[in-house]
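**Student:** Chain by chain, the residues run as shown.
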Amino acid sequence: MDPTLALVTAALPSFAASAVEFVEAMTIVLAVGVTRGWRAPLIGTLAALLTLGVIIGTLGVAIVTVVPEALLKAIVGVLLLLFGLRWLRKAILRFAGIIAIHDEELIYQRELAELREQGLARTDFDRIGAIVAYKAVLLEGTEVAFIVIAFGAAGTAALNAAIVGAIAAAVVVVGIGLALRQPLTMVPENWLKFGVGAMLSSFGVFWFTEGLGFAWPGDALSLLLIVGIFLLASFASVRLLRALLPLGAKIEARNV
Amino acid sequence: MVEDSQLAIGIVLALAITWALSTLGAGVEPLIGWVLLALLLAVLFVNLIVTARRAKRRIT
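Read top to bottom, the protein sequences are chains A and B. Numbering-wise (the working numbering), the first sequence opens with residue 1 and increments by one. Numbering-wise (the working numbering), the second sequence opens with residue 257 and increments by one.
I should point out that these hints are in silico values taken from the structure, not numbers from a laboratory. Please note: incorrect hints may appear among the correct ones.
Dumping the calculated DSS-like pairs for lysine-lysine here, alpha-carbon to alpha-carbon at most 30 angstroms [to be verified]:
#1 K90(A) - K135(A)
#2 K312(B) - K90(A)
#3 K193(A) - K135(A)
#4 K193(A) - K90(A)
#5 K135(A) - K312(B)
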């Protein structure tokens, strides 16, 4: 694969999508660290990374080596669509004001309050802090692994580019998070989710069709057109929903 | 949550229809990807409208 194409279709989308997941995990780990000390959440984070390594090393390699390529593409396509369209739907509903905008500061404050309410255990090791960090990092890390596999499904060059993108996102997000010791509220998470939702869905359409044995005109370049169509349709949907529900975010029925 | 599940069911149905079309033969080959894209956009669009209408009913 051409390096520029690998950058556009694998590294950059992987960077953006992974950054969203790292921001979410970072918010939780920061909240635990600030309220309960850093030892337990760091151990929880390391344990989650180890678990993730074992899952990817065994299940991931087994799937890639055992499942035929066409079937693997179709499976990746299905998962991407189930995952990506859900993101896109939520992002559209958020921009239309029907559900609350994802607020990292609010989530951070809520997490702080909950952790303070639980109090510090008078034991040598803070199990609650470690478990909360473990769960957050494992969940978001699994999503990152999935994102890397999805954007890297085109082959070795694409996979390497997707891995580089995810690692770069981790370095940037964790670096900024550690420097600021605050949730990364300046990351335009909803915009990222909007764009990444459209990209994941587009890759899903692309891979599922390829998995069925049909080639796209222009191969991976057709992804740009598919992403464009998803984005246009999504912006049109936001406008339509705003017209349908002009009260938008003021409505109480937000939990949809 | 309900709308989320309905979206998942809609996606699976769109994929199943696309797969069924793909077995029809060479004539549909160039259209398969675009048919899937159109079906998915329709599923998303209907889901959004249903969600908005339900939200509207809750406040009126």
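**Student:** Any of the earlier hints contradicted here, and which numbers?
**Tutor:** 5
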